[in-house]
Every structure is written in structure tokens, then in C-alpha cells.
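Residue numbers (the UniProt record's numbering), protein chains in the order written: chain A, 1 to 322; chain B, 1 to 377.
Careful: at least some of the hints might be erroneous.
[Said to hold, decoys possible] Some chain B residues near chain A, calculated using beta-carbon distances under 10 Å:
{"hint": "1", "residue": "Ala-51"}
{"hint": "2", "residue": "Ile-114"}
{"hint": "3", "residue": "Phe-176"}
{"hint": "4", "residue": "Phe-246"}
{"hint": "5", "residue": "Asn-291"}
{"hint": "6", "residue": "Val-292"}
[To be verified] From chain A, some residues computed to sit far from chain B (all C-beta separations above 10 Å):
{"hint": "7", "residue": "Leu-85"}
{"hint": "8", "residue": "Ala-147"}
{"hint": "9", "residue": "Leu-197"}
{"hint": "10", "residue": "Leu-199"}
{"hint": "11", "residue": "Leu-215"}
{"hint": "12", "residue": "Asp-222"}
{"hint": "13", "residue": "Asp-256"}
{"hint": "14", "residue": "Asp-265"}
{"hint": "15", "residue": "Leu-289"}
{"hint": "16", "residue": "Gly-292"}
In case anyone wonders, no lab produced these hints; they're calculated from the structure. The beta-carbon is built from N, C-alpha and C at its ideal position, and this holds for glycine as well.
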Amino acid sequence: MTATVPARVAVDKKTQKQLARGEKFGAAKRTKKRLTSRGATIAALVIAVLWTTPTFGLFISSIRPPEEILRNGWWTIFQNPGFTLNNYVEVLAAGNSTLNLAGAFINSIAITLPATIFPLVLASLAAYAFAWIKFPGRNWMFIGVFALQIVPLQMALVPLLSLFSRGLSIGDVELFASLNASNAYSQVWIAHTIFALPLAIFLLHNFVSQIPSELIEAARVDGAGHGQIFFRIVLPLTMPAIASFAIFQFLWVWNDLLVALVFADGRVAPMTKLLAEITGSRGQDWNLLTAGAFISILVPLIVFFALQRYFVRGLLAGSTKG
Amino acid sequence: MSAFLGWISTLPALAQIPLVLLAFLAVIALLIFFLEIAPRTGRKFTIIRAAACVLIPGLVFLALGSVLWAAGAATLFGALFFYLDYRSKQGVGYLFQLVGFLSPAIFLLAIGLIYPTIQTTIQAFMNSRGTRFVGLENFIWIFTQDTGIRTVLNTVVWVLIVPVVSTIFGLAYAVFIDKSRGEKIFKVLVFMPMAISFVGASIIWRFVYAVRPAGQEQIGLLNQVVVWLGGEPISWLSNEPWNTLFLIVVLIWIQTGFAMVILSAAIKGVPAEQLEAAELDGTNAWQRFINVTVPGIQSSLVVVLTTISIASLKVFDIVRTMTAGANETSVIANEMYSQWQGFEVGRSAAFAVVLFLMVLPIVIYNARQIQKQREIR
């Protein structure tokens with residue numbers, strides 16, 4: 001837009017006037033834009049401050065000595081200085097008889113990684129089928145899968161739990177046996193995988209179906225089957241979307257409380273469950289609560305900061321349709 | 001599979017991750033191998049396919065700990081499957097591929113969501129121990145009780161306020177910071193709450209709402225602000241009906257970042273030419289926003305509103321950890337859990353059905369939207 005010289009064209013008066021207006025507008029535009037952006041920047045700043053203050057306060061509180069936390073607000077840190085890491089040391093050892101918070105931290109990792117990868121792989125397979133394999137009833141089936149999103153988790157938890165522990169048999173025919181895996185992660189992995197599938201299929205389908213159909217058809221003309229198209233064309237092109245959904249899924253599983261309450265018990269409980277327990281039993285121990293909450297925030301924040309590049313790119317890939 | 005998972009659970013936590021992932025990826029690799037060779041013609045491939053049609057279901061059933069019956073069913077299924085496939089108009093291997101792509105997800109959804117939903121729905125019409133059919137009794141109980149009606153109304157309030165407010169905030173913020181300097185940092189600041197668990201967020205906000213008697217030094221920021229303005233400290237979470245609003249603030253705080261990130265990506269997808277054309281027509285920034293940007297991001301707006309609506313209908317953790325439903329703040333999901341803990345399975349299931357019915361309009365709207373998009377394509 002910078003170095004284009006307008007060609008001289010013979011025009012009538014009215015058009016000339018219009019062109020002139022356009023130029024004047026162009027000159028005025030720059031100053032006007034700066035003005036509006038100043039107001040907008042202030043508004044954005046206000047929102048940003050409002051949104052970060054609570055977390056910031058939590059962080060400051062978590063490194064203050066317990067007596068100070070209870071005596072005065074965290075915003076008086078400069079009048080009442082005092083820093084300590086004891087809260088963190090103390091909360092890592094806190095917990096119940098079978099598990100402390102440090103162990104629960106490891107559990108959280110062991111639950112989250114597989115529970116992120118399983119649904120993504122299965123969902124991308126299904127999303128491809130819904131987008132590019134024609135079969136009767138495809139639309140209805142897809143809408144059915146989408147609709148499963150609304151099944152409240154609470155509705156599915158108890159039947160699923162009994163399914164895991166007792167198996168399923170119709171009459172005398174045993175469809176499958178019990179998982180006999182209490183005190184193991186497998187229940188939580190499977191449960192999280194199932195609950196993530198509807199949304200994962202829906203979102204990935206949005207991206208996969210936006211791949212230009214010429215590309216797919218060209219590959220098909222060249223003799224590629226669905227397996228090859230999926231592996232060589234669709235998967236690489238949807239990688240950004242998969243990466244961004246992976247981040248979301250990681251955050252959701254890491255932060256989940258309800259599924260953990262039902263499926264992960266005893267020595268495999270994740271951090272959210274232990275933290276909720278500490279909140280319940282010592283609601284006024286602000287030093288432990290703040291430090292514990294901050295430890296549970298830490299990993300998601302690291303993941304988010306490290307991978308945000310991919311994740312904005314992935315969301316962009318979906319929104320710009322040709 | 002049961003044996004494998006049993007064995008793996010005896011290992012140290014961090015050793016389980018690579019092992020289970022390797023096993024999973026090996027199965028997927030095998031599946032993709034069969035999908036690859038499915039459409040090829042030739043006797044060799046036909047035999048491999050026919051074998052796979054019998055072997056894979058058989059293996060799956062065996063892995064789930066089943067008996068000879070299952071193997072027999074698998075053989076029959078495989079043969080039928082192969083026959084249908086061979087006659088398919090779409091070419092050899094078509095049905096095989098379709099099932100290969102879809103069946104893992106569909107199978108899991110069937111046992112994990114569809115079967116439990118049916119079971120819960122049946123339970124909603126049974127008595128508390130699930131032994132006797134009682135008709136609509138559980139639903140009548142919900143809608144004739146003060147607390148029941150209150151719970152439903154609270155859920156309606158949540159779903160009316162949270163999606164709208166967080167979308168407006170998210171959209172405004174996304175527009176304000178668009179193409180500004182330090183956009184990334186701005187984004188991170190507001191998105192951060194999304195990375196925090198509901199439990200963590202509840203702790204953060206309980207700390208903001210903390211109250212001390214008047215005259216003492218406040219440790220909760222909100223009450224300190226009230227005191228600075230010359231007011232009396234307020235117990236935010238116990239005065240109804242406003243306490244529900246203070247809980248709603250927490251979810252808005254979390255969801256705004258989600259709305260902002262998605263809408264910001266969508267805004268960047270609005271073609272620059274359209275905006276420039278509108279600019280040349282002499283429109284101001286607000287007109288451009290309403291007439292060009294908003295229509296351009298409409299589908300993203302629908303996705304954001306839907307996702308947040310569903311999340312706020314199902315809200316559980318925030319209410320559970322902040323008030324546990326005391327002082328008239330209960331919502332359906334919380335009441336469901338409480339009734340279930342009180343061994344009132346029928347009532348709990350009835351609440352679940354009510355929730356399901358409330359989400360139905362959202363899903364129908366979205367389904368029609370999807371269908372429209374597909375017709376365009």
C-alpha cells in the first residue's frame with residue numbers, strides 16, 4: 001500500500017471528488033486510528049489488570065510467612081516484608097495417610113499424558129471418516145456424536161464405574177470382563193478418553209473438513225486409499241489443530257476434579273483431588289492453600305507458555321477458510 | 001487387555017506412561033496398516049483382509065476378557081462384513097476402511113456415554129433404590145420443592161449470564177488488542193485463568209472474597225476495596241441472591257480467556273480487503289466492526305457461545321468447593337451429586353434428565369447450523 005502511484009485516468013468531476021475524499025480519508029485515518037487505539041489500549045489494560053490481580057495475589061501470599069498472611073492483606077507486602085519458601089516445603093509433604101502432594105504431582109503427570117494422546121489419535125481417525133468418507137446416515141451420526149457432548153459427566157460416571165468393576169454381560173453371554181484395576185491409572189485413562197471424544201471429534205472435524213476437496217480428490221485420482229490420504233495429507237495438515245486441541249485436553253485433564261473423584265482413588269489420586277481435600281479439611285490454612293494452588297497451576301502455565309505459539313497457529317488454521 | 005493393564009499398574013508411575021503409549025500406538029499402527037492395504041486388489045490382499053475381518057474383532061473381544069461365543073460372533077460378523085464390502089459400489093475395502101476409522105471412537109462412546117445415559121434415564125423413573133417403577137414422581141418432587149425450583153432457576157441464571165458476558169468481554173478484548181504492540185503478552189494475561197483448575201480458581205477467589213469482622217484488617221481484596229471506599233465488610237458468599245452472582249464471576253473469569261483466544265484467531269481470519277473496502281466507503285470503526293467483522297466471525301461466535309453455555313450448565317467444581325450449595329447457591333450438577341451421595345439415585349437421575357433437556361435446544365440449534373454448513377459444502 002505504500003509505494004503505489006495512482007495512474008492518471010480521465011474521470012468525470014464526481015469521481016474526482018470521490019477520489020479526493022478517499023485520499024483525505026487516508027491521511028486522516030492514521031491519526032484517527034491512533035486515537036481510538038489509545039482508548040482501546042486503556043480498556044485492554046484495565047481488563048488485563050482485573051484478570052491477573054487475583055492470581056498475582058495468590059502468588060504473593062504463597063511466599064509470605066503464615067502469620068503475616070492471616071494478619072494483613074497481600075497488598076501490604078512492602079509495609080510488612082517477609083518471604084519464605086516454607087509454605088511450599090510444608091504443602092508438598094501434606095496430604096492423607098496414603099499419599100502426599102509430591103506423590104500426587106507425579107500421579108497427575110501419569111494420568112494426563114496418556115489421557116491426552118489416546119483421545120486425540122482416536123478422534124482424528126473418526127473426524128477423517130466423518131469428513132471424507134461418504135456413507136449413508138453420515139450427517140445424523142455426526143450430529144449424534146456432537147450431541148453426546150451434552151451428556152453431563154455425572155450422568156455417565158456411576159454406570160461406567162460399575163461397568164469397569166463388574167464387566168458387562170447380556171444374559172449369560174459376557175460381553176467383556178471387569179477391568180479389575182482399582183488403584184491403577186487405567187480406569188482414569190479410559191474414562192478421560194471417552195469423555196473427551198465428542199468434543200475432540202467435533203473440533204477436529206471442523207478443521208479436517210476445511211481441507212480443500214481438490215487436494216483429496218487429486219490424491220484419490222493418483223490411486224491413494226483412505227489410509228494413505230489420512231496419513232500423508234490429512235494428518236500433516238491438521239497437525240496445528242491437533243496440537244492446539246492437545247493443549248486444551250492437557251489442561252482439562254490436569255485440572256479435572258470430578259472424574260478423579262470417582263475413578264482415581266487411594267495412591268493414584270491426582271493433585272486436584274488432594275488439594276480439594278486440603279481445602280475441605282483446613283479451609284483456613286491460607287499458607288498451605290495458596291502454596292498448593294500455585295503448585296497445581298505451575299505445570300499448566302509452563303505448558304501454556306511453552307506451546308502457545310502452536311496453539312494460536314492451530315486455531316488460526318481453522319478459522320481462515322478459503 | 002485386562003491382564004496387561006493389571007501388570008502395568010504394578011510398575012512405578014512414570015514407567016507406565018511410555019509403556020502404555022507404546023502399546024496403544026502399536027495397535028493404531030496395525031490398524032493403519034490394514035487400512036492402507038484395504039483398497040488394493042489381488043488375491044494376497046483379499047486373504048489378508050478376510051483374515052483381518054475375523055481376527056480384529058476376535059482379538060478385541062478376547063482382549064476384553066470374553067468367551068468362545070464372542071469369537072464365533074466375530075467370525076460371523078467378519079464374513080458378513082467381507083461379503084457386504086465386496087459388493088459395495090464404493091470399491092473393495094470400503095466398508096472395512098470405514099469401520100476401521102470409526103469403530104474405536106464409536107465403541108468407546110457407546111460403552112462410556114450412550115449406555116450410561118440410557119441407564120440413567122431409566123433410573124430417573126425408578127424409586128430411590130432402583131427397584132420399582134414410579135413414573136414421574138421424581139420429577140414432580142423436583143418441581144414442587146422450593147430448593148428444587150431454586151436449583152433449576154440458579155442453573156438458568158448461570159447459563160444466561162456466563163456465556164454472554166464472557167463472550168462480550170472476550171470479543172471486546174480481542175478487538176482492542178488486535179495488532180497492538182505486545183498483543184501476545186496481553187493475550188497470555190487474560191488466558192491464564194483457563195490454565196488454572198476450577199479447584200485452584202475457587203481457592204483464588206475464596207481468598208479474594210475472604211471477610212473479616214469490621215474494624216479488623218481485611219485479608220480479602222474485595223472487602224479491602226469496600227473498606228477503602230468507606231463501607232462495611234460484606235460476607236459475599238452468604239447473602240442470597242447476590243452470592244450466586246459472585247460465584248458466576250469466577251466462571252466468567254475463567255471462560256473469557258477461552259472466548260478471547262478463539263475470537264481473536266477468527267478476527268485475524270476476516271479478509272483485510274473487506275475491511276479496506278468498508279473503510280473506503282467511509283464507515284467508522286464501529287460500523288466496520290458490526291457489518292464486516294461480526295458476520296465474518298459468526299461461526300466462531302456460535303462455537304464459543306455453545307461451548308461456554310454447555311460448560312456453565314454443567315458447572316460443578318466451583319459451586320462444590322466454594323459453597324457446596326449452601327445459602328441457595330446450588331445448581332443442578334451439584335444437587336445431582338448430593339442426591340447420589342444421599343442414596344437417592346432416582347432423584348439424582350431425574351436431575352440429570354432435567355439438565356439433559358435444558359441442553360437439548362442448544363444442541364438442536366447447533367445441529368441445524370452444522371447441516372447448513374454441510375449443504376454449502
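Outcome of the hint check:
1. Ala-51: violated (17 Å)
2. Ile-114: holds (7 Å)
3. Phe-176: It holds, given that the least Cβ distance between Phe-176(B) and chain A is near 4 Å, below 10 Å.
4. Phe-246: Violated, about 13 Å.
5. Asn-291: violated (17 Å)
6. Val-292: Cβ of Val-292(B) sits 15 Å from chain A, so the hint is violated.
7. Leu-85: holds (19 Å)
8. Ala-147: violated (5 Å)
9. Leu-197: Violated: least Cβ distance 5 Å, not greater than 10 Å.
10. Leu-199: With a cut-off of 10 Å, Leu-199(A) comes too close to chain B, as the shortest Cβ separation is near 8 Å.
11. Leu-215: Non-interface label stands for Leu-215(A): nearest chain B Cβ at 14 Å, farther than 10 Å.
12. Asp-222: It holds; Asp-222(A) is separated from chain B by about 13 Å at its closest Cβ, greater than 10 Å.
13. Asp-256: violated (8 Å)
14. Asp-265: holds (13 Å)
15. Leu-289: violated (5 Å)
16. Gly-292: Violated, since 8 Å does not exceed 10 Å.
Violated hints for the displayed structure, listed by number in ascending order: 1, 4, 5, 6, 8, 9, 10, 13, 15 and 16.
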